[in-house]
Amino acid sequence: MTRPNAANAERPKEAKLERRDWMWLPILSVLTICLLAGSVEWYARRVFARLPTAGENCLVVNDPSDGARGIPNCVVREKIPEGQVMEYRFNSSGYRDNADFGPKSADTYRIVMVGTSVAAGFRVPQEQTVAALLPADLSQRTGRKVEVYNQGLPLQTTNSIARHLNDAIAANPDMILWIVSPLDISYSAMAERRDAVGRREGANPRNPEAGDWSSIKAVFATESFQTSMATIFSHTRTAILLKDLLYESPSQYVQAALMGADYKKEFLQSGSSAEWLRELKEFDSSAADIEGQARKAGIPLVAVLVPDRTQAAMISMMDECPKGFDPYKLGRELRSIIVSHGGTYVDILPQFRTVPNPQLGYFAIDGHPNAYGQAMIARFLTNQLAGLPIPAMSAAAQPQAGLQPRQ
Amino acid sequence: MDSASFWFVLFGLTAAAVSNFSRSSVWRSIVLFVATIVFLGLLAHSLIVFLPLMGFLLFGYGCLLLLEHGWSRALAWIVTAVVLIYIWLKKYTFLPETIFLHRFYLTLGLSYIFFRVLQLLIDMGENREKPHLKFGAYLLYTLNFTTFISGPIQRYDEFARDQFAAEPIPLGSRVVGLQLERIVRGFFKVNVLAMLFNMVRVDALAQMYQPLPASLKLYAAFRLCIIYPLFLYANFSGYIDIVISLARLMRVRLPENFDRPFSASSVIDFWNRWHITLSNWLKAYVFNPLLVALMRRISSLAVQPFLAVFCFFVTFFLIGLWHGRTSEFIVFGVVTGGGMSINKLWQIGLARAMGRKGYRELAKRPIYVAFGRGLNYIWFAFTLFWFWGDWRQIDAIFSALRPAEWLGVWMAAWLAVTVTLAMWEWLRAALLSIRTTSGPVLVNRYALVVYASVLGLTALVITVLLNQPAPPIVYKAF
Numbered sequence: 001m002t003r004p005n006a007a008n009a010e011r012p013k014e015a016k017l018e019r020r021d022w023m024w025l026p027i028l029s030v031l032t033i034c035l036l037a038g039s040v041e042w043y044a045r046r047v048f049a050r051l052p053t054a055g056e057n058c059l060v061v062n063d064p065s066d067g068a069r070g071i072p073n074c075v076v077r078e079k080i081p082e083g084q085v086m087e088y089r090f091n092s093s094g095y096r097d098n099a100d101f102g103p104k105s106a107d108t109y110r111i112v113m114v115g116t117s118v119a120a121g122f123r124v125p126q127e128q129t130v131a132a133l134l135p136a137d138l139s140q141r142t143g144r145k146v147e148v149y150n151q152g153l154p155l156q157t158t159n160s161i162a163r164h165l166n167d168a169i170a171a172n173p174d175m176i177l178w179i180v181s182p183l184d185i186s187y188s189a190m191a192e193r194r195d196a197v198g199r200r201e202g203a204n205p206r207n208p209e210a211g212d213w214s215s216i217k218a219v220f221a222t223e224s225f226q227t228s229m230a231t232i233f234s235h236t237r238t239a240i241l242l243k244d245l246l247y248e249s250p251s252q253y254v255q256a257a258l259m260g261a262d263y264k265k266e267f268l269q270s271g272s273s274a275e276w277l278r279e280l281k282e283f284d285s286s287a288a289d290i291e292g293q294a295r296k297a298g299i300p301l302v303a304v305l306v307p308d309r310t311q312a313a314m315i316s317m318m319d320e321c322p323k324g325f326d327p328y329k330l331g332r333e334l335r336s337i338i339v340s341h342g343g344t345y346v347d348i349l350p351q352f353r354t355v356p357n358p359q360l361g362y363f364a365i366d367g368h369p370n371a372y373g374q375a376m377i378a379r380f381l382t383n384q385l386a387g388l389p390i391p392a393m394s395a396a397a398q399p400q401a402g403l404q405p406r407q
Numbered sequence: 001m002d003s004a005s006f007w008f009v010l011f012g013l014t015a016a017a018v019s020n021f022s023r024s025s026v027w028r029s030i031v032l033f034v035a036t037i038v039f040l041g042l043l044a045h046s047l048i049v050f051l052p053l054m055g056f057l058l059f060g061y062g063c064l065l066l067l068e069h070g071w072s073r074a075l076a077w078i079v080t081a082v083v084l085i086y087i088w089l090k091k092y093t094f095l096p097e098t099i100f101l102h103r104f105y106l107t108l109g110l111s112y113i114f115f116r117v118l119q120l121l122i123d124m125g126e127n128r129e130k131p132h133l134k135f136g137a138y139l140l141y142t143l144n145f146t147t148f149i150s151g152p153i154q155r156y157d158e159f160a161r162d163q164f165a166a167e168p169i170p171l172g173s174r175v176v177g178l179q180l181e182r183i184v185r186g187f188f189k190v191n192v193l194a195m196l197f198n199m200v201r202v203d204a205l206a207q208m209y210q211p212l213p214a215s216l217k218l219y220a221a222f223r224l225c226i227i228y229p230l231f232l233y234a235n236f237s238g239y240i241d242i243v244i245s246l247a248r249l250m251r252v253r254l255p256e257n258f259d260r261p262f263s264a265s266s267v268i269d270f271w272n273r274w275h276i277t278l279s280n281w282l283k284a285y286v287f288n289p290l291l292v293a294l295m296r297r298i299s300s301l302a303v304q305p306f307l308a309v310f311c312f313f314v315t316f317f318l319i320g321l322w323h324g325r326t327s328e329f330i331v332f333g334v335v336t337g338g339g340m341s342i343n344k345l346w347q348i349g350l351a352r353a354m355g356r357k358g359y360r361e362l363a364k365r366p367i368y369v370a371f372g373r374g375l376n377y378i379w380f381a382f383t384l385f386w387f388w389g390d391w392r393q394i395d396a397i398f399s400a401l402r403p404a405e406w407l408g409v410w411m412a413a414w415l416a417v418t419v420t421l422a423m424w425e426w427l428r429a430a431l432l433s434i435r436t437t438s439g440p441v442l443v444n445r446y447a448l449v450v451y452a453s454v455l456g457l458t459a460l461v462i463t464v465l466l467n468q469p470a471p472p473i474v475y476k477a478f
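Those sequence lines, one after another, are chains S and G. Using our numbering, the first residue of the first sequence is number 1, and each one after it goes up by one. Using our numbering, the first residue of the second sequence is number 1, and each one after it goes up by one.
Treat each hint with caution, since some may be false.
The calculated label-pair distances, taken between Cβ atoms and stated as ranges, are [claimed, not checked]:
(1) S:Pro322 - G:Asn272: 35 to 45 angstroms
(2) S:Val85 - G:Asp395: 43 to 53 angstroms
(3) G:Ser22 - S:Ser272: 55 to 65 angstroms
(4) S:Arg19 - G:Ala284: 38 to 48 angstroms
(5) G:Ala404 - S:Asn383: 28 to 38 angstroms
Selected chain G positions facing chain S (in silico; Cβ < 8 angstroms) [unchecked claim]:
(6) Gly172
(7) Ser173
(8) Gln210
(9) Leu212
(10) Ser453
(11) Leu457
(12) Ile462
(13) Leu465
(14) Gln468
I should point out that these hints are in silico values taken from the structure, not numbers from a laboratory. From a predicted model like this one, the values you see are computed outputs, not experimental measurements. Using N, Cα and C, we set each Cβ at its ideal position, and we do this for glycine too.
Construct the complete structure from the given sequences, taking the supplied hints into account.
Set out below in structure tokens:
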């Protein structure tokens with residue numbers, strides 16, 4: 001009735017293996033596995049090389065009074081496995097900008113950008129960051145000379161942004177542009193995570209050079225065998241290579257992110273948990289402080305949410321994104337908070353639908369926007385900012401309450 | 001456990017190992033029964049959810065006893081009742097919602113149990129000399145964990161021949177090795193290949209909704225057109241590879257369900273190679289009886305060839321309906337049955353126009369075979385839109401491009417598939433032609449060990465890396 005598979009039918013019919021095969025077949029299997037695993041790891045190490053230094057070396061992270069701050073005039077080279085070799089240069093004020101604040105000429109529209117690592121353009125060369133691209137894009141669109149000072153610093157909480165806002169105000173800007181990323185909202189969780197990282201620094205093989213025997217032993221001592229194996233494997237370059245390939249797919253990336261134990265997905269879930277509401281309330285309090293300072297100084301504050309990779313992928317997937325998730329929820333919540341304190345919220349999220357695979361604008365494993373992503377964000381921001389009725393920026397437009405230029 | 005997960009494979013291998021502690025059929029049946037109970041227990045933790053399924057099985061066994069005791073005249077009524085109960089339990093959407101049971105219950109495996117029960121009833125009704133089927137054997141056959149989720153649909157006599165044999169079929173080290181290699185291959189197909197193909201499909205589908213330039217949409221449509229048959233094949237045949245091997249390790253030979261389906265050069269040939277056990281079941285219990293009945297009533301020689309056209313439509317329309325409860329599957333049935341009928345009409349027409357010999361010669365020409373293969377693939381891919389999509393998706397997909405653009409996409413897909421499959425067939429033949437005295441080099445034991453090691457390592461690495469549940473088996477939903 002049924003036809004056997006042709007390939008199966010052609011196989012030899014003997015029932016038993018020859019004696020020598022009991023030895024040779026396992027050896028052949030082990031050799032194959034070693035050769036395959038070794039060659040892939042060798043190739044991955046060549047393609048996904050990394051430097052031991054990183055941009056974070058120019059930061060003082062655990063200053064209890066100040067939060068994170070940059071080390072003035074610090075220079076460091078970085079290469080993450082997915083990225084290219086690049087150099088960070090911090091100015092004399094400890095920000096990632098080529099120049100210090102200078103006097104503003106009358107025909108120049110000055111923007112000071114605040115935020116965390118996305119604003120700082122971490123993981124991409126300085127000339128490819130939003131802060132570097134925005135002036136030219138905006139100047140072209142508005143016909144005015146625009147300059148952007150970048151005061152973004154990684155690992156800042158919204159509280160420390162508020163504490164450092166006097167630096168931004170001192171630059172005498174026409175606008176403060178606050179780049180918010182989803183992780184910024186989770187102030188408490190982030191602080192806890194940072195503490196946890198600090199505590200476990202020696203226990204986890206965080207360095208992908210997984211040759212540290214003591215780290216491996218520590219992982220086995222603290223986690224189950226299965227989890228330990230998965231943890232150790234996830235730090236090999238083979239894992240990075242495979243993730244880099246597989247995560248090109250938005251659906252696969254979203255699924256992997258939502259399954260990840262480390263990923264805080266509350267901001268994407270349609271319903272809000274009590275923890276998320278608490279974090280949002282804390283953010284609201286910091287936002288009130290930041291917007292209060294800007295208002296007092298008479299400087300318009302414009303906030304924008306830059307989605308993380310998962311959110312960008314979900315936006316592009318639209319109806320095919322997993323049930324129970326809403327990638328636009330955080331945007332609505334943020335708009336409500338910003339507008340309630342008199343600021344302006346610009347929404348770039350819908351524009352991520354117009355790009356074929358917007359999540360490719362982010363590093364697959366590191367998660368920060370890459371050069372393509374920074375350019376994409378700069379373009380979306382230009383579209384939104386150029387449309388804002390700020391007289392100083394666009395003479396043709398009408399002023400809007402809360403967006404008056406600095407007196 | 002209801003997927004081709006690592007734990008399912010481990011569970012099956014453990015059951016197979018325990019089953020081989022003794023060659024006694026009683027011992028092997030006890031192990032299979034216990035393994036099946038454990039398997040069912042792992043699917044759902046409450047006994048209540050099994051009650052409708054158990055009721056269906058008990059009803060089937062009761063009918064079997066009736067037929068055994070001379071009620072064979074009631075066969076038609078019994079079969080009708082079984083079909084209606086099945087439709088009711090599966091909650092076909094054309095029935096009013098109010099008549100269904102509203103408490104959650106398990107329907108997993110019901111479709112395959114349905115075929116087994118029907119087959120037993122029809123065989124018993126038509127052949128009174130069938131031996132008495134004990135309740136234990138009935139349960140073992142209908143609930144067998146290796147065929148519970150997605151088949152293959154095994155006939156009872158084939159099952160009983162191996163399961164209850166006094167001298168079980170041999171299981172030498174070579175057979176064990178081949179089964180392990182096939183398990184690895186199946187695991188790789190489901191957990192790596194199918195996962196990758198599905199990834200391509202979901203991403204292409206998402207791009208069809210996006211406001212993107214036409215060139216990107218055309219490319220997304222092209223991927224969407226060609227990818228699903230590959231996904232479905234990897235997903236379903238991978239699972240079948242695993243269960244056939246597990247059953248073989250338990251000394252039961254399950255029927256093959258696939259025979260290189262995409263090498264088929266016509267729709268009729270395709271259904272001889274795809275989900276073979278389902279096609280065979282319906283041919284035996286629907287197509288043949290229907291054709292015979294019609295031929296008895298219609299004696300005109302001119303009309304008789306067209307009776308097969310009609311019977312093909314009915315049979316494959318039913319195949320479409322069996323796959324799902326919603327109106328999409330009615331269309332799937334119509335296009336599947338329609339494809340079979342049109343293919344049959346084409347054969348009849350060409351044979352009349354060219355003569356039988358001329359048609360046979362044409363059908364052997366490589367270019368005809370290659371384009372036929374491509375056309376069959378594309379037709380199957382087209383029908384599957386109503387298999388995987390709901391009306392909302394189908395509407396969004398087809399309205400994303402203009403009709404002329406869709407036509408261009410399908411033509412491009414046909415051409416691409418024709419060339420790709422022709423190259424694949426050529427490459428496969430070339431590789432299999434490299435032979436030693438013991439057979440093709442590519443399928444000797446050393447090559448298989450290398451092949452299985454590579455696939456096994458890749459599947460393991462990707463499974464660990466993604467740390468996601470094993471992809472569901474599409475056919476478990478039917």
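Cross-check of the supplied hints:
At about 39 angstroms, the CB distance of Pro322 (chain S) to Asn272 (chain G) agrees with the hint of 35 to 45 angstroms. Between Val85 (chain S) and Asp395 (chain G) the beta carbon distance is about 50 angstroms. The supplied range of 43 to 53 angstroms therefore holds. Separated by about 59 angstroms at the C-beta atoms, Ser22 (chain G) and Ser272 (chain S) satisfy the suggested range of 55 to 65 angstroms. For Arg19 (chain S) and Ala284 (chain G), the Cβ-Cβ distance of about 46 angstroms falls inside the hinted range of 38 to 48 angstroms, so the restraint holds.
The beta-carbon spacing between Ala404 (chain G) and Asn383 (chain S), approximately 33 angstroms, falls within the hinted interval of 28 to 38 angstroms. The interface hint given for Gly172 (chain G) is met, as the beta carbon of that residue sits about 3 angstroms from the closest beta carbon of chain S, less than 8 angstroms. Because the beta carbon of Ser173 (chain G) sits about 5 angstroms from the nearest beta carbon in chain S, less than 8 angstroms, this interface hint is met. Interface hint at Gln210 (chain G): satisfied, since its Cβ lies 6 angstroms from the closest Cβ of chain S, which is below the 8 angstroms cut-off.
At about 6 angstroms, the closest approach between the beta carbon of Leu212 (chain G) and any beta carbon in chain S falls short of 8 angstroms, and the interface hint on this residue holds. Annotation: Ser453 (chain G) was flagged as interfacial toward chain S, and the flag holds, the nearest CB pair being 4 angstroms apart, inside 8 angstroms. Because the closest C-beta pair between Leu457 (chain G) and chain S is about 5 angstroms apart, less than 8 angstroms, the hint holds. For Ile462 (chain G), the interface hint holds, since its Cβ comes within 8 angstroms of a Cβ in chain S; the closest pair sits about 7 angstroms apart.
Given hint, Leu465 (chain G) at the interface with chain S, holds; its Cβ is 6 angstroms from that chain's nearest Cβ, closer than 8 angstroms. Because the smallest distance between the Cβ of Gln468 (chain G) and any Cβ of chain S comes to about 5 angstroms, under 8 angstroms, the interface hint for this residue holds.
Checked against the numbered hints listed earlier, the structure breaks none of them; every hint is satisfied.
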